[in-house]
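Line order of the protein sequences matches chains C, U and Y.
According to the numbering used here, the first sequence is numbered sequentially starting from 15.
According to the numbering used here, the second sequence is numbered sequentially starting from 42.
According to the numbering used here, the third sequence is numbered sequentially starting from 14.
Don't take each hint at face value.
As the list claims (entries may be wrong) - Residues of chain Y placed beyond 12 Å of chain C at every Cβ, according to the derived structure:
| # | residue |
| --- | --- |
| 1 | E48 |
| 2 | P79 |
| 3 | D84 |
As the list claims (entries may be wrong) - Stretch by stretch, here's where chain C covers chain Y in the computed footprint (C-beta under 8 Å, at least three residues):
| # | segment |
| --- | --- |
| 4 | 36-45 |
| 5 | 59-67 |
Simulated from the structure, these hints should not be mistaken for lab results.
Ideal Cβ placement from N, Cα and C applies to all residues, glycine included.
Okay, here's what each chain looks like letter by letter:
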Amino acid sequence: MRSAGEIARDVREGASSAGRELEIALSAIRARNDELNVFLYVDEAGARLAAQRVDEAVARGERTGPLAGVPVALKDNLCQRGIPTTCSSRILEGWRPPYNATVIDRLVAAGAVPVGKTNLDEFAMGSSTETSAFGPTRNPLDPTRVPGGSSGGSAAAVAADMTPLALGSDTGGSIRQPAALCGIVGVKPTYGLVSRYGLIAFASSLDQIGPLSRSVADAALLLEVIAGHDPRDSTSLPEPAPSLRDHLDDGVVGRRIGVVRELIDGADPEVVASVDRAAEVLRAAGAELVPLSIPELRLGLSAYYLIAPAEASSNLARFDGVRYGLRVDADDVAAMNEATRTAGFGAEVKRRIMLGTYALSAGYYDAYYGQALKVRTQMIEAFRRAYREVDLLLGATTPTVAFPFGSKTANPMSMYLSDVFTIPTNLAGEAAISVPFGVGEGGLPVGVQLLGPGRSEARLLAAGRVLELAEGRP
Amino acid sequence: MTLPDGWEMVVGLEVHTELKTRTKMFCGCRNEFGAPPNTHVCPVCLGLPGSLPVLNERAVELAMAIGLALHCTIAPSTFHRKNYFYPDMPKDFQISQYDRPINANGYLDLIDHSRVGIERAHLEEDTGKSTHLGGSGRLHGADRSLVDYNRSGVPLVEIVSAPDIRSSAQARAYASELRAILIATGASDGRMEEGSMRVDANVSVRRAGQPYGTRCEIKNLNSLRSLQRAIDYEAERQVALVESGEVVRQETRHWDEARGVTATMRVKEEADDYRYFREPDLVDLAPDASWVQRVRSGLGPLPAERRAALLARVGEVSEAQRDAVATVIDAGRDEVVRGAIDRGVDPALALARAANELESEGPAVSVDAFAETLLMEQRGELSATQSKAVLAALAQEGGDPHAIAAQRGFERLSSNSLGATLDEVIDQHPDEWRRYRDGDDKLAQFFVGLVMKATRGQADGKAVIAELAARRG
Amino acid sequence: MLRREDVAHVARLARLTLSDEELDLFTDQLAQVLEHASDVAALDLEGVEATAHPFGLVNVVRADEPQPSLDRDEVLAMAPDVEDGRFAVPRILGEDQ
Ligand SMILES: [Mg+2]
Ligand SMILES: [Zn+2]
Chain C
15 MRSAGEIARD VREGASSAGR ELEIALSAIR ARNDELNVFL YVDEAGARLA AQRVDEAVAR
75 GERTGPLAGV PVALKDNLCQ RGIPTTCSSR ILEGWRPPYN ATVIDRLVAA GAVPVGKTNL
135 DEFAMGSSTE TSAFGPTRNP LDPTRVPGGS SGGSAAAVAA DMTPLALGSD TGGSIRQPAA
195 LCGIVGVKPT YGLVSRYGLI AFASSLDQIG PLSRSVADAA LLLEVIAGHD PRDSTSLPEP
255 APSLRDHLDD GVVGRRIGVV RELIDGADPE VVASVDRAAE VLRAAGAELV PLSIPELRLG
315 LSAYYLIAPA EASSNLARFD GVRYGLRVDA DDVAAMNEAT RTAGFGAEVK RRIMLGTYAL
375 SAGYYDAYYG QALKVRTQMI EAFRRAYREV DLLLGATTPT VAFPFGSKTA NPMSMYLSDV
435 FTIPTNLAGE AAISVPFGVG EGGLPVGVQL LGPGRSEARL LAAGRVLELA EGRP
Chain U
42 MTLPDGWEMV VGLEVHTELK TRTKMFCGCR NEFGAPPNTH VCPVCLGLPG SLPVLNERAV
102 ELAMAIGLAL HCTIAPSTFH RKNYFYPDMP KDFQISQYDR PINANGYLDL IDHSRVGIER
162 AHLEEDTGKS THLGGSGRLH GADRSLVDYN RSGVPLVEIV SAPDIRSSAQ ARAYASELRA
222 ILIATGASDG RMEEGSMRVD ANVSVRRAGQ PYGTRCEIKN LNSLRSLQRA IDYEAERQVA
282 LVESGEVVRQ ETRHWDEARG VTATMRVKEE ADDYRYFREP DLVDLAPDAS WVQRVRSGLG
342 PLPAERRAAL LARVGEVSEA QRDAVATVID AGRDEVVRGA IDRGVDPALA LARAANELES
402 EGPAVSVDAF AETLLMEQRG ELSATQSKAV LAALAQEGGD PHAIAAQRGF ERLSSNSLGA
462 TLDEVIDQHP DEWRRYRDGD DKLAQFFVGL VMKATRGQAD GKAVIAELAA RRG
Chain Y
14 MLRREDVAHV ARLARLTLSD EELDLFTDQL AQVLEHASDV AALDLEGVEA TAHPFGLVNV
74 VRADEPQPSL DRDEVLAMAP DVEDGRFAVP RILGEDQ
């Protein structure tokens, strides 16, 4: 498989065409989508039109963007004008947004060809894609296992070679965890680096859109396209996209990297072994490895499962049957709201709405939500102290490799624990990358995670590239 | 109205005012009253999934202007979400300010020199508007409601007074003075009938010196008169309840203008759990000194100051003239009135004509033209009716008052031709003439009316009355 | 300790109907999450500032300039029920907020 960068180059130079690249993607999708349930919707007509526009621009000798003719899969919580956007929920079934997410406008401006919408845990609430109202996605590497979640469809699209690139969203690990479980690269960018306009919110202070790709270089390419200030998102950082591709080969010479006990403890032995080996690789490449303990990270999971549901309970109130999506009729408007929400939301979404409503309600706010916000402060300060000592942190992305269907659905808490290593980055608004490194149980891929302070994407990608090269990937 | 001896009312007012911005609070849709339903809507103000709010700079500045005019402290502030389900509210939460409002701790001095504290004046967004079908068109008994989101997301400032008000007249004076300030700062047009200024009253009663009683909140007060009547009714109702040994329930009540009563809307419940939390899609506001200063320097003189300047020229004023002063100040015409007085126009005349002129909408007449017209009237060159006609023409077309008067043939009737007209009128109405002559003064107006009709308004009413009186002897 | 009636109250606030079995199940599951969160609830964090947002941007505003609104037909096409250019809903019990 060629990289996204190579495809765009071939399209620009006439060695290939956007139309041809699209047909390759569509036939790969046709070959395995029934089996894997990756795409909820494939926009063949729209994609052909987009590809044709790119090819016409090339033919006219116009400048085409860095993603010219590259097919991209979109997580189905990104609004695309006129295209069904469901969040894998019955409550939005049939809804077609009248507007585009900023990231989609930027993709198209860069010459990319959006091919369709991928499956996710309902409203991105889950770590296995099993909470989707439209059935789970299967892991292309082992269809008896989950692809991770919530961006399971996007990760599977890349892992199954359906598209070279996909967009996901990461609220507590929803890009990095499925990337790890599917053996690909996933980046959770600094909060505010990528516009959230058009991303259907789960937890607004934690959500970030980011790339899923086969290689670190492709992740850099996609991130450069989607990053940068957007006046439609008040929380967007007021600066242009950083230059990332120029720093891919910066290496790690002289970097201090903290190996964090709290991001390793409790992981499967093969996962721990992969992190240890990654540390050795980085040391051999010139980094200084420092063992670290950041005890505050242990509180991340608890704080997250108060803050994220609290925000979600409010973000999901608008699904009330009045303006769009599902309506279940009833005699009065409150009963209609309730019948609609009861029929439209799945169990996990209801659980989180309930949890969040409880955490914010009178009498419990201070003990739960208010307290979690203080823990968040401590987490941020702990990271800040760590980054005075070191440049980056190293740990596992997930405690285990991809797990079998149904193994964690009975007990929500066991599912929540699969995000224990990824959550702290979201709480702090910082950046992290998961890179496939080594294998674990059943020969399934392991992801190691590199974490950095806000705006450290270039450094993270360069370190990820060192690991990737050591694994013999281009 | 007075409460029984030993009782006093305690009133606090919450005033919601729509801000006069071009666009809504968080999106670029037009903030415009009266457009066809659902034509000023976008993903943001419809609360579509994925949309995000971005704050309107002008709304912030108008809020600061209100705060400065009310002597508030402008402080760093935060937006919160107030969560409750309602079909008018597209996100099922309202973005509002909670524990950190933009303006706090101010005051408003009333005309009678009493001072009412301002607890806060915070920014929030308006809801859409429902029309209720079936039943009486009111919410109760309706079968179905239709929602228009054009108003959804229009910027509001909610101004909360301290419970410092002790009479319905003071409440009215407060609302009236606040309205004048909102208009003067350019923040609002203050139109209560159109809902761009909405007043809720919190009313409780107590025996003097005792702690506060349980309060009720009254909604739907869409005129100053309703405000005053509703407060009186409610305070009396509460006193009667307590005196008969019952308790006042904390509830929201609705003012029924037609019946002149307040009635229960809903009882405050535990279920009013708004789960306020910080709006994660917006960042804090922290206006620095230079931003505040820029807003402050854009504020003109406030109504109290302008009123003082005008009253200083008018001197003693009657009740009607007091209303005229308020009208003229709300309309920003006080400068013209002052100018006319300074050019020798009689203050009462200047005030009356300015207030009158404002009833018909049109562009403002310049100070020179206004003063010159009134001087002509004062010299007897124009009748009152003619003077008003000249002012109306000036507002429509502009120009020179003398030329307009000449062009319309406005020459005052000579007393001779007035005498002839009067002879004719008296001849035709001998009975009325006899009754007038025998002392029924009310009939003077009857004859004035007839003369005016016969002369197509060209006669001078005062001259007719003088002539009538002379003939009666 | 989370009680069944707390869960029922929260479900009402959130406009969700729970069957008896769901009520039992959710009470149990939410209690487990809250039990896990008791480490956070138990901390003495007196004097620690709350952070609701990761970055300290302030005064993000836009100019008061009109932008095009959506086409009304497209807006109303999304709606489950429409009448007279407006979104139609069944009767509203209770009163305006
Ligand atoms: Mg309010
Ligand atoms: Zn709008």
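(message) Verify this for me: three or more residues of the segment 59-67 of chain Y with a beta carbon less than 8 Å from a beta carbon of chain C.
(response) With 7 residues close enough to chain C, the hint holds.
(message) Would the non-interface assignment of E48/Y survive a Cβ cutoff of 12 Å against chain C?
(response) Non-interface label on E48/Y violated, nearest chain C Cβ at 9 Å vs cutoff 12 Å.
(message) Please check whether the segment 36-45 of chain Y has three or more residues whose CB lies within less than 8 Å of a CB on chain C.
(response) Coverage by chain C holds for the segment 36-45 of chain Y (4 residues, Cβ < 8 Å).
(message) Verify this label for me: P79/Y is non-interface relative to chain C, using a Cβ-Cβ cutoff of 12 Å.
(response) 15 Å, holds
(request) Over 12 Å to the closest beta carbon of chain C is the bar; see if D84/Y clears it. (result) D84/Y is in fact no farther than 12 Å from some Cβ atom of chain C, at 8 Å.
This entry does not satisfy hints 1, 3, going by the numbered hints stated previously.
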